[in-house]
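Novice: Residue numbers (the UniProt record's numbering), protein chains in the order written: chain A, 1 to 356; chain B, 1 to 356; chain C, 1 to 356; chain D, 1 to 356.
Heads up, some of the hints might be wrong.
Note that identical chains are pooled: a pair holds if it fits in a single copy or bridges any two copies.
Calculated lysine-lysine pairs in the DSBU-like style (CA-CA distance at most 35 Å, straight line) [to be verified]:
| id | residue 1 | residue 2 |
| --- | --- | --- |
| 1 | Lys196 | Lys35 |
| 2 | Lys164 | Lys313 |
| 3 | Lys313 | Lys35 |
| 4 | Lys164 | Lys256 |
| 5 | Lys310 | Lys199 |
| 6 | Lys66 | Lys189 |
| 7 | Lys319 | Lys8 |
| 8 | Lys319 | Lys196 |
| 9 | Lys113 | Lys313 |
| 10 | Lys66 | Lys99 |
| 11 | Lys353 | Lys319 |
| 12 | Lys189 | Lys350 |
| 13 | Lys35 | Lys66 |
| 14 | Lys173 | Lys310 |
| 15 | Lys319 | Lys164 |
| 16 | Lys113 | Lys310 |
| 17 | Lys149 | Lys113 |
| 18 | Lys173 | Lys271 |
| 19 | Lys173 | Lys313 |
| 20 | Lys8 | Lys189 |
| 21 | Lys99 | Lys189 |
| 22 | Lys313 | Lys189 |
| 23 | Lys350 | Lys199 |
| 24 | Lys189 | Lys113 |
| 25 | Lys113 | Lys350 |
| 26 | Lys35 | Lys310 |
| 27 | Lys196 | Lys66 |
| 28 | Lys350 | Lys195 |
FYI, nobody ran anything at the bench for these hints, they're computed from the structure.
Number of protein chains: 4
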Amino acid sequence: MAGNSFGKVFTLTSFGESHGAAIGGIIDGCPAGLKLDFEAIQTEMQRRKPGQSAIVTQRKEEDDVKFLSGIFEGVTTGTPIGFVIENTNQKSNDYSHIKNIYRPSHADYTYDKKYGIRDYRGGGRSSARETACRVVAGAIAKQLLSEIKINAFVSSVGNIFIDKPYQDLDFTKTESNSVRCPDMDSAAKMENLIKKIRKDGDTVGGTITCVLQNVPVGLGEPVFDKLHAELGKAMLSINAVKGFEYGSGFCGAKMKGSEHNDVFNPDGSTKSNLSGGIQGGISNGMDIYFRVAFKPVATLMQNQETIDTKGNKVIAEGKGRHDPCVVPRAVPIVEAMAALVLANFWLLNKINKLND
Amino acid sequence: MAGNSFGKVFTLTSFGESHGAAIGGIIDGCPAGLKLDFEAIQTEMQRRKPGQSAIVTQRKEEDDVKFLSGIFEGVTTGTPIGFVIENTNQKSNDYSHIKNIYRPSHADYTYDKKYGIRDYRGGGRSSARETACRVVAGAIAKQLLSEIKINAFVSSVGNIFIDKPYQDLDFTKTESNSVRCPDMDSAAKMENLIKKIRKDGDTVGGTITCVLQNVPVGLGEPVFDKLHAELGKAMLSINAVKGFEYGSGFCGAKMKGSEHNDVFNPDGSTKSNLSGGIQGGISNGMDIYFRVAFKPVATLMQNQETIDTKGNKVIAEGKGRHDPCVVPRAVPIVEAMAALVLANFWLLNKINKLND
Amino acid sequence: MAGNSFGKVFTLTSFGESHGAAIGGIIDGCPAGLKLDFEAIQTEMQRRKPGQSAIVTQRKEEDDVKFLSGIFEGVTTGTPIGFVIENTNQKSNDYSHIKNIYRPSHADYTYDKKYGIRDYRGGGRSSARETACRVVAGAIAKQLLSEIKINAFVSSVGNIFIDKPYQDLDFTKTESNSVRCPDMDSAAKMENLIKKIRKDGDTVGGTITCVLQNVPVGLGEPVFDKLHAELGKAMLSINAVKGFEYGSGFCGAKMKGSEHNDVFNPDGSTKSNLSGGIQGGISNGMDIYFRVAFKPVATLMQNQETIDTKGNKVIAEGKGRHDPCVVPRAVPIVEAMAALVLANFWLLNKINKLND
Amino acid sequence: MAGNSFGKVFTLTSFGESHGAAIGGIIDGCPAGLKLDFEAIQTEMQRRKPGQSAIVTQRKEEDDVKFLSGIFEGVTTGTPIGFVIENTNQKSNDYSHIKNIYRPSHADYTYDKKYGIRDYRGGGRSSARETACRVVAGAIAKQLLSEIKINAFVSSVGNIFIDKPYQDLDFTKTESNSVRCPDMDSAAKMENLIKKIRKDGDTVGGTITCVLQNVPVGLGEPVFDKLHAELGKAMLSINAVKGFEYGSGFCGAKMKGSEHNDVFNPDGSTKSNLSGGIQGGISNGMDIYFRVAFKPVATLMQNQETIDTKGNKVIAEGKGRHDPCVVPRAVPIVEAMAALVLANFWLLNKINKLND
């Protein structure tokens, strides 16, 4: 009810503020018998953690996940998987300057109004540090769905866009550069832009595209829990996300039906794929692809006018260690959330017809 | 689990295929003591129903909702509100021609693969007729939230867009034209476009913008159930929707933080509102606005190449009574879903802090 | 949230007051491909309905269930099964005498205090008429679980108890008498007792024993959703139930471990079965048996002292058509609820380990 | 879904095996603004922990709970409360002798069959150690419900019963003796019995009675989530519980309606209280009381015949450190679960009618 759980069958419930003792979570509903690759999990953690390169925040957080239950001799037992990630590098004093102010376009004001109390240190629960738990659960979900290929990448930063269809990209190059853009020309331009933005003490937004391949036909539930509706919710629940589109997306809204319809091949695949791999909320076996818009990070390395908790005008100082552009680090988060959505539907799909 | 319920507190569970005896639903969790305005409910039903004007389908469905429980002497009792809407005008024989074929970009193929069985008549459960139940529940949610103003309207059809900010529009004009566009010039152009498209036996997509005003501060739950994540899911669950953005949306992804941040006024309101009335997933009291993309309807009044259930090439004939453009009729559905999302968070908000 | 749904996977949501237009429900999550035996469903309805014999209420309710969706050509489609049962025989005027009074040991007072409003006609939502919806869903669940045998029977009325273990009973005799007691001697005594009680305008309590056989090993979830915890909740949710015990039950609390432990046979079955077929909340393949206590019906055919809604002393008149003993009619309800519990765990069991 | 969460609004999700690194949980939905008394929480932990007295297991577990989130400067923030309790005293080697055997009346066999894998050390997830997490959450729920008095006590051990109504007992004496029985004469007899049983290497069952006082009118949801149905489920989910009854319970099943009905006083209270403080599933303001049956612990300090995982006959040796009678230590667990049930309904009750 309080919004800290995701998934009805393969369920992640997370906890933790950025400057408490630890963050962590419980994964309930992971089937028994899954042999876990812990290195692969840690690799995903590394992809998300701060301080990886010159274009992201220099905060160092080791983000070592410690599993406490649900695994016996490396294999899931069907019981809940509890885990914690200690907050080793928090410097709470860094945040005393924001104790009594509401930073612009942050959650300070709304948390205070909603709860009447706020752990102001590092944004508390509203910090993107929470997404580390999503990456843990997503990494396990990926292992459950070993047949499915999940590839996200940065498709734009500011006004620099990859101008190729995803089919022309080599996803193995995504991790080859600090922007996580598989198109090397665009990657270089994006990197330069971010460096420039950073020098100005500013931030910039961008988009991530995600492609899901080898998804079995039949995932998704009709009506309210359509596959793309859950994907949309999952993505919109990530900090800083402002938009989601799949298949033809907003462009599709300009098209005519005669252009937009995907004609079938005899085997049930389709010649075009403006549907984005989903029809009636259910996967049809074609590639699923979607795009996620991230706003620029609100924390600037500039002074900004704002108010304190009493409504007085004050200056929010630009200090701390923050990302000039969040999208490269959000790539593993997008993949993790996609994996969680798919894992849920994949499990549910085992019970929606008899004689399966 | 099976995706036919929406909302955790104020919950709509719906049932029904387009050509069964009836569709209907149960609204569970509506607080006791709400005096219902049944005429207002029926007005919403009229807005959604087919056959309202020259630019929508000529199917006549009366869509009279019959309440069966949960209401005593016109007032909600706190017990579940059951309702049915009879399918009076279904012509099942109209559909015998699609019994064994998979229509392009419909849910025929995916339902068949998922369930191994399909009520092919009129699309069965995948028919947009299901949205009538959403409108019933949304109409009640609107009455619960009498302070909040919910206004959706058609903001584009094909390549015709309203080129004004929503603040310059007069929402009282939305219902003055058949397109449900409050900008009269754009409305006329859209109407002409739809008529032309219709004559060609084709269809066209469009977008709906929705503005939520007077929303109390504090609605939305952090992390997974952010207010905009639930709005996004709600919208993406509507048939034919391909994208959702709120506040600055996809444009925000091109911006710099110094441009995007909303500076506070002393009263906690903000000078700009690129955040779209939501910060950290929680309403901040400013207007919430979002945009929803609808693809063109897949059913054309043209013959289309497709396959039958055995994979043979066949021609899907263009017949029946269908909308050339679904967006005008989707306006009340967008509003209904927004109302359901808000009602849930509005109720939840009563229990998230002590001494409320 | 509001308590009108049962089951997380195979979910019944019900609605309806005893004197509204209809009661009904939605069964969501029934797998596709189940060929329904409608006669078997109606047979269960007949078992529950009033007016079956001399020892139950003479109210005549036909309780014909009308399915509205989710079934195509007699087979479930995987979409929600909506159904209604019309309230054809309600005589609302019968209840004007209780409009302003709180009947002793009924829910009149608590509903009024909880909701501030109450549909007083026939007890409204608190009427046991609501259980008809459970019987519909249970009848379908039984068909899903065709391998499992579910047999409930009346094991005591007042102080008359069957003094044999269930293994000595022939369940095919349960329906042979109006009390639904498979032990013919006890049945005759119970019937006489009920007739006598009825003549006095009084009512009497009793117990129902239920035996579940052929249950696969592995049903039930550990910790909070233990199989017997869900069975207990299911039974305690039936009107008038005051207690639940399974296996050795309250007697087990007097025993020593050396007496109580069930010794294994080589095949995993156990020599004794004081565990009642469940160990650690999970079925072990042995018979599951439990006992449910029903209080005497609160409505008497006698005048009773009570209060009106203002707190004045008044006399509640004994009139209307009521059961002197509710347990015979509760037998199919107990079976239905057991079937719902089992159906949920049976479906869940398909996803709790890999390579199933 | 997988049964490791309890409560829909104030939700405990727990994890942990008895011999993993730690057990723990997440409490989601605790309202913001509750000032926590950590000493009171630790006191509850002490009541449950092993090694408290001569009549319980001599295992020493410190059971120090460490809160990781959701609390700021001693006050709940509305965000999830994560906590861990380290397993400091586990001796996994103690359990190598049960690695390949199924102990009688334990969950070894059923876990293995259900999941295909089992953490055999100390019973793994099926260990009652899991209940420590319930006590943590229950202790916080108690603080939320500061007005409500929750008193559980041992009402029988083996054949020794308190033969007084609860109204004649002084609950302040419950903690004065090692059996947690407020009737000193009975307590002495029970203690002697347990010592004798222990000397024999045997175990014995018992019952706990729990009384809830000062419960506001209106808690509980009608139909499936009746207050006593949730209490019953909560109790039946505790290890070793075989039965639950409230109010008149199984005795009520022998009574006549004219004896059983509770006559109202003018203020809405009732002269008698066979209803047990609940009518129609909703609290009526009178004392709620219920009784819970616990079977004798299955682990004996005697050798027992059993089978190994291959079905061969083997002897399960009686060793380790176990309770001869679990009921004294279960008293705080019963209270904790009652508190969780009440907290959920207490919160839900804030949203079930308008103008509250």
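Novice: Next step is simple, just say for each hint if it's right about the structure.
Specialist: Right, here's what the structure says about each hint:
1. For the identical chains of this complex, Lys196 and Lys35 are neighbours neither inside a copy (45 Å) nor across copies (47 Å), given an alpha-carbon limit of 35 Å.
2. When the C-alpha separation of Lys164 and Lys313 is checked against a cutoff of 35 Å, the pair qualifies only between copies, where the shortest distance is 32 Å, while the shortest distance within a copy is 47 Å.
3. For the identical chains of this complex, Lys313 and Lys35 are inter-copy neighbours only, at 31 Å across copies versus 56 Å inside a copy, given an alpha-carbon limit of 35 Å.
4. When the C-alpha separation of Lys164 and Lys256 is checked against a cutoff of 35 Å, the pair qualifies both within a copy, at 23 Å, and between copies, at 24 Å.
5. With identical chains, the CA atoms of Lys310 and Lys199 are at most 35 Å apart within one copy only, with a shortest distance of 33 Å there and 61 Å across copies.
6. Taking the shortest alpha-carbon separations for Lys66 and Lys189, neither the intra-copy value of 38 Å nor the inter-copy value of 48 Å comes in at or below 35 Å.
7. For the homomeric pair Lys319 and Lys8, neither the shortest alpha-carbon distance inside one copy (40 Å) nor that between copies (40 Å) is at most 35 Å.
8. In this assembly of identical chains, Lys319 and Lys196 lie within 35 Å of each other by CA distance solely inside one copy; the values are 18 Å within and 58 Å between copies.
9. Within a single copy, Lys113 and Lys313 get their C-alpha atoms as close as 18 Å, which meets the 35 Å cut-off; across copies the closest is 48 Å, which misses it.
10. Taking CA atoms no more than 35 Å apart as the test, Lys66 paired with Lys99 passes in both settings, with 31 Å inside one copy and 25 Å between copies.
11. Taking the shortest alpha-carbon separations for Lys353 and Lys319, only the inter-copy value of 32 Å comes in at or below 35 Å, while the best intra-copy value is 56 Å.
12. Taking the shortest alpha-carbon separations for Lys189 and Lys350, neither the intra-copy value of 45 Å nor the inter-copy value of 49 Å comes in at or below 35 Å.
13. For the homomeric pair Lys35 and Lys66, the shortest alpha-carbon distances inside one copy (17 Å) and between copies (30 Å) are both at most 35 Å.
14. For the identical chains of this complex, Lys173 and Lys310 are neighbours neither inside a copy (50 Å) nor across copies (40 Å), given an alpha-carbon limit of 35 Å.
15. Taking identical chains as interchangeable, the C-alpha atoms of Lys319 and Lys164 are never at most 35 Å apart, the minima being 38 Å within one chain and 38 Å between chains.
16. For the homomeric pair Lys113 and Lys310, the shortest alpha-carbon distance inside one copy (12 Å) is at most 35 Å, but the shortest distance between copies (41 Å) is not.
17. Taking the shortest alpha-carbon separations for Lys149 and Lys113, only the inter-copy value of 21 Å comes in at or below 35 Å, while the best intra-copy value is 42 Å.
18. Taking the shortest Cα distances, Lys173 and Lys271 sit within 35 Å of each other inside one copy (27 Å), while across copies they are farther apart (42 Å).
19. Taking the shortest Cα distances, Lys173 and Lys313 never come within 35 Å of each other, neither inside one copy (47 Å) nor across copies (40 Å).
20. Taking CA atoms no more than 35 Å apart as the test, Lys8 paired with Lys189 passes in neither setting, with 41 Å inside one copy and 45 Å between copies.
21. Taking CA atoms no more than 35 Å apart as the test, Lys99 paired with Lys189 passes in neither setting, with 38 Å inside one copy and 53 Å between copies.
22. In this homomeric assembly, Lys313 and Lys189 never come within 35 Å of each other (Cα to Cα): the closest approach is 38 Å inside a single copy and 47 Å across copies.
23. For a Cα distance limit of 35 Å, the shortest separation of Lys350 from Lys199 qualifies neither inside one copy, at 52 Å, nor across copies, at 45 Å.
24. With identical chains, the CA atoms of Lys189 and Lys113 are never at most 35 Å apart, being 41 Å at best within one copy and 44 Å at best between copies.
25. With identical chains, the CA atoms of Lys113 and Lys350 are at most 35 Å apart between copies only, with a shortest distance of 13 Å across copies and 43 Å within one.
26. For the identical chains of this complex, Lys35 and Lys310 are inter-copy neighbours only, at 23 Å across copies versus 54 Å inside a copy, given an alpha-carbon limit of 35 Å.
27. In this assembly of identical chains, the alpha carbons of Lys196 and Lys66 never lie at most 35 Å apart, being 38 Å within a copy and 45 Å across copies at closest.
28. In this homomeric assembly, Lys350 and Lys195 never come within 35 Å of each other (Cα to Cα): the closest approach is 48 Å inside a single copy and 46 Å across copies.
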